[in-house]
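J.: Listed here are the chains, written in short residue letters.
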Amino acid sequence: MTTHDDVVEERRNFLYIATGAAGVVAAGAAAWPLIDQMNPSKDVLALSSIEVDLSKIPLGQNAVFLWRGNPVFVRHRTEAEIAEARAGDTADLADPEKDEDRVQKPEWLIISAVCTHLGCVPLEHHGDFDGWLCPCHGSHYDISGRVTKGPAPLNLPVVPYEFLDDSTVRIG
Amino acid sequence: MASENKFEPTNPTLKWIEDRLPLMGLIYNSIGGGYNVPRNLNYWWNFGVLAGFMMVVQIVTGIILAMHYIPNIDLAFDSVQHIKRDVNYGWLLQAIHANGASMFFIVVYVHILRGFYFGSYKAPREILWFLGIIIYLIMMATGFMGYVLPWGQMSFWGAKVITNLFSVFDFIPFIGDGIVNWLWGGFSVGQPTLNRFFSLHYLLPFVLVGVVILHVWALHIPGSTNPLGIDAKGKHDKIPFHPYYTAKDAFGLGVFIIFFAAFVFYIPDFLGHPDNYIKANPLVTPTHIVPEWYYLPFYAILRAIDNKLIGVLAMFSSILIMFAMPWLDGARVRSMRFRPLSRFFFWLFVANGIFLGYLGQRAPDDILWFGLVATSYAQMATFFYFAYFLIIMPLVSRMETTKPVPTSIAAAVLEANKKG
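So the protein lines, in turn, are chains A and B.
Residues 19 to 190 (this note's numbering) are what the first sequence spells out, left to right.
Residues -18 to 401 (this note's numbering) are what the second sequence spells out, left to right.
Pulled out of the complex, with its shape left as it was, chain B reads as follows (with noise of 0.2 Å):
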C-alpha cells in the first residue's frame, strides 16, 4: 500500500538524516501514521503485533539466559536450577522464556486462524500465508530445541523421539541410514546433540526475525485484511495505523501481558511436565512422554496411524498442506461472516483440534468412552483433519451460497453505527 501521507520531518537535523537514510520514513509507512490500516479491524487483528512482541521478549530473555547456561550434558540441568536459584532475577528471567514460548504459541494459533477464518491466505495475499507458514515451522524447531535445553528426563525422551522421526527416511540410498546418527553426532542423543542445538536455538530466532520481516513487507503490498474480507476501496474506508491502531494493540498488548504475567508469577511449571525435573537418564523413559501443548495435536496425528512411516508422513503433511489452502478454498468470499456452512465447520476444525490435542496427551492405550481407547478416535480426529482440507473446504467454499457482501467498509460500518 503506498503511502498517502507522506513522511516530511520539519527539524533540519531529522531532515537531513532522512535524506540520507530514509529509515524514520520506512517506520512512519510500517506501523506508524503512513500505513493506511481498514477502519473496521476488530481485536481478533491485534495477535500479529502480540506475536512480534513475544519474539522480542523471548530473544531478549534468550540471550540473557545463555549468559548464565551451560551446554554441557554434566552440567546443563543443574546451571538451570542456578539460574533459578542463584543468578539475580533469574527466577524471573527463566519462568519468563519458558512460559513465554507458550504465549508466543497461543498468540500465533490464534494469528493462524484469524487466517482461516477471514480468509487470510486468499490472493493477493498467498505469499504472505507461506512465510507465516515458514514463520510457524521455524517456531516449532526453535521451541523443540529450546526445551531440549535443561536437559531433564523429557528433554532428553523428547529429543530421542523428535530425532527418530527422520530415521523413516532411512530407505533412501546413501544419506537414509546415518541420517539420525549425523543429527546427533554420535549412537544417541548425547553431548554433540545439545552443543549444537544450542547453537541453533540461538541462531533460528534471528532467521525468524528474517522471515517476519518478509512477512510484514508482504503485508504492506496488498495491506491488511477485514472482517468484511473485501477490498478497502477510498480513503474513506481506511485509517492511518498511529494512533488507531497503535492505541488498539496497546490495549491488546496490556490485557495479554496480564494473562502472560498470572503465569509467570503464579503458576509458572503449569505448562511443564514434572519428569522436567528430573535429570536426563538415557537408561529410563518415562512411563509417559508427552510434548509440549502446542504440539499435542500433531503428535496425536502421529501415533493415530499404526505405520512409522505413514504416520511421520501424516504429521508433517497435517502443517504443510496450509500451503495448499489458497487453492483449496475456492470460495470467492473471503470473510466466513458471510459464509455460514463455512463457518460451522471451520468451528467444527478448531474443536477436532483441541480434541487432537487432547488425545495427544493421553497414553494411546487409555479406554477413553464407548470401549474404545485413546488411538482410535485420534484415528477419527485425523481422518476429520484432512477431510477439512481435503474434501469440505473444496466443496463447501465452491457450492455454498454465500450470503450478500456489503458494497464498501465504510457503509458497513457506517449502517452498524445508525442500528447502534
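Just chain A, same shape as in the assembly (with noise of 0.2 Å):
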C-alpha cells in the first residue's frame, strides 16, 4: 500500500535525480568552451594551401616544404626506384599498401615529413630501405614512404594534393 510517506521518499529522489542530472549537464556544457579552446583557431584552420613548383626538383631529388606548420617530402624518383618501390608492394608491410595507389604520378611521390611514430622529419637518402630513415627512434622507410623497420605503426601519409599542370602542384 503506498503511504503517503512513500510519495513523498518517491517525489524526493525523483528531485535529487533531477537536480543531480541538470547540474551534470550544466557543469559540462561549463566546461566546454574551456576545453575547446585549445583546439586549433579559426585563423590556424584558414592556413592556406602551397603551390610548388616542380621544374626545380632535379630527378632523384627530395625536396622539403613547409605546409599548415609540417614539412612535406616532394621525391622525384628515378626509373628504378619506381620499379623499386613497386617491387615492395610484395614486401611484409606494417601497413600495406600499393605504390600505386600513393602517387598520382609515379615519378612525384609527395608525402608528410612527419615520421608516424613520435613525429621527427626522417632523413631522405638513408636507411636500409633506399628511403627515409627517422633519426630519433630508428624507423626506416622505402621509397615509396612506407614502414618497413623499427616502431612506427603506420606509413608516411599521402598528403592532399593535385597537378595544376605539368610542374607545379598544389598541395592542401
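Examples of chain B residues toward chain A, derived with CB under 7 Å:
{"no.": "1", "residue": "V142"}
{"no.": "2", "residue": "F168"}
{"no.": "3", "residue": "S169"}
{"no.": "4", "residue": "T268"}
{"no.": "5", "residue": "I270"}
Listed below are the simulated DSBU-like cross-link pairs for lysine-lysine, each with C-alpha atoms no more than 30 Å apart in a straight line:
{"no.": "6", "chain 1": "B", "residue 1": "K229", "chain 2": "B", "residue 2": "K(-13)"}
{"no.": "7", "chain 1": "B", "residue 1": "K216", "chain 2": "B", "residue 2": "K(-4)"}
{"no.": "8", "chain 1": "B", "residue 1": "K229", "chain 2": "B", "residue 2": "K399"}
{"no.": "9", "chain 1": "B", "residue 1": "K384", "chain 2": "B", "residue 2": "K399"}
{"no.": "10", "chain 1": "A", "residue 1": "K74", "chain 2": "B", "residue 2": "K260"}
{"no.": "11", "chain 1": "A", "residue 1": "K60", "chain 2": "B", "residue 2": "K260"}
No lab work stands behind these hints: they were computed from the structure.
Just so you know, these numbers come straight off a predicted model, no measurement behind them.
Glycine included, each C-beta is placed from N, C-alpha and C at the ideal position.
Both chains are given apart, each in its own frame, so use the hints to dock them into the complex.
T.: Printed below as a string of C-alpha cells:
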C-alpha cells in the first residue's frame, strides 16, 4: 500500500536525480568552452594551401616544403626507384599499401615528412630501404614512404594535392 | 604526530595573534620544536628539505624570468639571450633556473630511492607515498614544458616527440583523432603551443606547492620513518625537529648549495645540449634527439619496445607502477638494513636505472658491446626494471629471512654508542 511517506520519498528521490542530472549537464556545458579553446583556432584552420614548382626539383632529389606548420616531402623518383617501390608492394609491410595508390604520377611522391611514430622529420637517402630513416627512434621507410622497420605504426601519409599543370602542384 | 611540546608564546601581542590565528603554532608543530622526530635520522633524510628548497628557488627565479621572457615563436629564443646578456644578473638567474631543474630532480631521485631503501612506502605511509609520486609527475610535466620555452631545436623537437606520445590514443573514438591537435592548438607545435606551455609552466609549480603541503601534512600523521624502520615508541626515541634537524638540514643545505653553485658558476651548460643554442626549425630534426638527463631512463624504456602503443604504455607504467609498491612489497620489516637480499636487488635496480639512462642518450642503432645495439640492451634493462617490481619485489620480500630488528630506536642508538 502506498503511504503518504512513500510518495514524499519518491518525489524527493526524483528531485535529487533531476537536480543532479541538470547540474551535470550544466557543468559539462560550462566546461566545454574551457576545453575547446585549446583546439586549433579559425585562423589556424584557414591556413592556405601552397603551390610547388616541380621544375626546380632534379631527378632523384628530395625537396622539403612547409605546409600547415609541418614539412612535406616532394620526391622526384627515378625509373629505378619507381621499380623498387613497385617491387616493395609484395613485401611484408606493417601498413600494407600499393605504391600506385600512393602517387598520382609515379615519378612524384608527395608525402607528409612527419614520422608516424613521434613526429620527427626522417632523413632522405638514409636507412636500409633506400628511402628515409627517422633519426629519433630508428624507423625506416622505403622509397614509397612505407614503414619497413622500426617502431612507426603507419606509412608516411600522402598529403592532399593536385597537379595544376605538368610542373606545378598545389598541396592542401 | 600530536605535539608533546605545546607552542605557548609569552609575548602578549604574539599570544593575541596566536589565539585568533594559530599560524605560528602550525609552523612550530610542523618544522619547529613541536615536531618530534626519530633521533636516528641520517643524511638521506635531508633530501626532502632540499627538494622543498629547490621548489622555492625555482619558483622565485621563474617568476623573475617571466618578467623578461616573451612567449612568442619569433621572439622567445632571442628573449632568452636577452636575459642572459642584457638583463642585470639575468645570466645568474637564468643559470640558476636552468640548472635548478636538474638539481631539483637530483634531490628528488635521492629522496625517492631513500623511500625505496628504507621502506617509506609501507603502511601506514601509503598516501604519503602516493602524494610523492603525484609530485614527481607534476615535476616531470613542469620540467618538460619549461624546457620548451627557450624555443631552441631541442625545445621544439622535444615538444613534438613528447606531445606525439599522446597520438597513440587515436584508437579512442571521438577524442583520439584530434588529441594532439588539441594539445598543440594547430597541426604542429607552434605559437599556440608555446603560449599555453608558458601559461601551464607558470601554473603547475603552484599546484605542486599545494600537493607538497598535503605531502607534509600526510608525513606528520605517522611522523618520519627512520633508518631502522621500526616505529618510534616513546619519548626517548625522539628529539624535537628544532634545533636538532634544522641544524642538520642547514649543514646539508650548505653542502648542497656548493654543489649547485659549481654548476651555475663553472659549468652552466654542462647538463644542456648544444642544439638548443640553435633556434627552433620545424623543417630540420636534429640528428640526435635526447631529452634532459632526468628523463633518459624512461626514454630508453620507450625506445626499447618496437611497438608505438606498447612503448608509450610501458613508459607511463614504469612510473605508475610505484603506486603498487606498498602491496608488491610484502615484507614485515621496512628497512633494507635487515633485508640483505632485498638490498642486493635494490642496488641492482639503481645500477639498472643508471644503465637505462646511459642507453637513453645513445642512438638506438649504436653497436655497444658483443655486437649488440643499444636497443637490445635497453630491452634487457627494461625487462629487469619491470621484473624488479613484478617478480623480485613480491617474491623476495615474502620469502627472505630478515635479520633481527632492534627492540627500540633508543636501544639501537645506545648500543651503537657503546661500541663506538
